[in-house]
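2 protein chains.
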Amino acid sequence: MPQDVTFDLPFSTPVSPHLEYARERHLRWVRDRGLVRSDAGFEEYCSWDLPQAAARTYPYASAEDMTVLMNWFSLAFLFDDQFDAGRPDRADRVTEVARELIVTPLRPADTPPRVVCPITQAWAEVWAQLSRGMSLTWQTRFAASWGRFLTAHCEEVDLAAAGLEGTLTVKEYAQFRRRTVGIHHSIDAGERSRGFEVPAQVQAHPVMERMRDLAADVIGFMNDIHSFERERRRGDGHNLIAVLRRELGCSWEEAAAEAYRMTAACLVEYLELEARVPEMCDELGLSEDERRRTSMGVEAVQHWINGNYEWALVTGRYAADKDTPAAAAERAGRGSVDDLLSVN
Amino acid sequence: MPQDVTFDLPFSTPVSPHLEYARERHLRWVRDRGLVRSDAGFEEYCSWDLPQAAARTYPYASAEDMTVLMNWFSLAFLFDDQFDAGRPDRADRVTEVARELIVTPLRPADTPPRVVCPITQAWAEVWAQLSRGMSLTWQTRFAASWGRFLTAHCEEVDLAAAGLEGTLTVKEYAQFRRRTVGIHHSIDAGERSRGFEVPAQVQAHPVMERMRDLAADVIGFMNDIHSFERERRRGDGHNLIAVLRRELGCSWEEAAAEAYRMTAACLVEYLELEARVPEMCDELGLSEDERRRTSMGVEAVQHWINGNYEWALVTGRYAADKDTPAAAAERAGRGSVDDLLSVN
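In order, the protein sequence lines correspond to chains A and B.
Count along the first sequence from 1, then add 1295; that gives the number in my numbering.
Count along the second sequence from 1, then add 1295; that gives the number in my numbering.
Calculated directly from the structure, the hints in this document are not laboratory data.
By construction, the Cβ of each residue, glycine as well, lies at the ideal position given by its N, Cα and C atoms.
Any given hint could be a false lead.
What the hints assert, rightly or not - Derived DMTMM-like pairs: lysine to aspartate or glutamate, alpha-carbon spacing no greater than 20 Å straight-line:
# : chain 1 : residue 1 : chain 2 : residue 2
1 : B       : Lys1466   : B       : Glu1549
2 : A       : Lys1466   : A       : Glu1549
3 : B       : Lys1466   : A       : Asp1405
4 : B       : Lys1617   : B       : Asp1405
5 : A       : Lys1466   : B       : Asp1405
6 : B       : Lys1617   : B       : Glu1526
Unchecked claim - Some chain A residues well away from chain B (every beta-carbon gap over 10 Å; in silico):
# : residue
7 : Phe1302
8 : Arg1388
9 : Gly1428
Generate the whole structure from the sequences, applying the supplied hints.
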């Protein structure tokens, strides 16, 4: 049921004209870099249609940059699935790889990874391209957003490995979800995709900080709704619907309805803050150029909310009825068909 | 010879009135937390007089915060010495611990460390206090500065473990030294110590960015001069004097003179930039309050340049003639008398 749940978003966003050009180059890159190894893995990967997600969330990227962004998505999504419930010791390897991913933006671009596997090698290559032309301030912000997300991901894996994922309250889960959804760095990348930067004082303003957090909440909760069938198949208890059902002692349907209500409430609050952006610009005494870059920063958030939503409705990643090797692996508690944390 | 080399600094800076109060509490904490284990380790640690370094670099901290800053210094300096040249495999443990230290500011304060040893436990405790009351923007900047430093430290250890530390050119070494000296996050902590924040747009301005880099160069090169005897005793080839001597094929005296000249040149350039700060404030259209916080930010840099300099002239850490168990351990290639990377 949940993958077809629709929301009433008050803005629409464009799709990159470079989708097919970049998709072709991206799919070749994914195989070349060993990010998909088996035919079953490639079939599953193609069904997710991440190129569409990138083309919707970064609609103004150049054709070359669009390929880079798709390449980045592939390693991030594929890494996300590498935990194997049948091998709890794998949590240590997930952490080791995640920490390599965290330090990559903290050293000179093009430094080879110290922990070597397809994921870390791919990220070192992508980061050299993704950081190009961006200020130290942007790189600092991206590195911290990315590091916070990966650290939270490891906590999630550690909870699953310890069999503790069903222990968070709704309030704890909502705070945790904001960190695991990975939206802050995804919005940061919007600036790189369009070749601009949000003024530093805007980024530091409470209105902008809160907008980013609310965008993360909206997208995280929507994702929990749309990916519900996949996560149930995978035995993943880190899903708002499952947390609500347990805490409220209600039916799945009632839990899904409450998750929908919470998501819509976050969206309303986000929109209220968006309306306060001109007032924030006045308060900061911004120039015309700074206001333009602030508007583009707000658009980057919209591209993510709407682009991710449109993609989530149709991606094969969240499909309920799947009869593929990947779905069989998921039912068996394995995160993916291909192991990408080892060398070959 | 080099520890008594003097520089002509055009500013003097105050010393905290809380030095002795905080020293007493700090020394108890260091023993309680297992950061020094043996009597020889404690004797060596006391001879460094890090409390004086903290009291000079953060002269306006409250009595309680002064203790926190000393505690932070202890774990950072002690971790710096944990590589053991006789056990190259120890580089892996140094990296594992460093990455734990890197992620600590990227997750909610008070989260217990995943990699457990006295250093990581002490840092988790100190970070909870050091981050208190600071904005997300400051925490982001500190986390990235700290992470870049620790990543560079691991590169330094890896080069030593591979026997490659004598391979950098002067130009490469200067770039590397800027990263290994650890000054950016030390200056960031100046804001916490005095309860203020430099405006985000100032921190992002090229003048301020360059001032921070030059302060790192000045302090890194001064440190190479003042710690030369210690590093020669330890067989550490990552020292500007050693790199210059090798590249120029000159005597130690000539290399030391060239290192002095390079340091003085960086100081001159730093001072030229300092003189441009009022112009930068005009360009950014800062309010009176923002100008005041910018001035305090410049003072935080001065506190570090001068405070570190005054301390370096007298600390036992850099003493040339030492006949202690710690010096014997250094001559044998061991970084320190106590192993702080294991659990008891």
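Could you work out which earlier hints the structure fails to respect and list their numbers in ascending sequence?
Violated: hint 4 alone.
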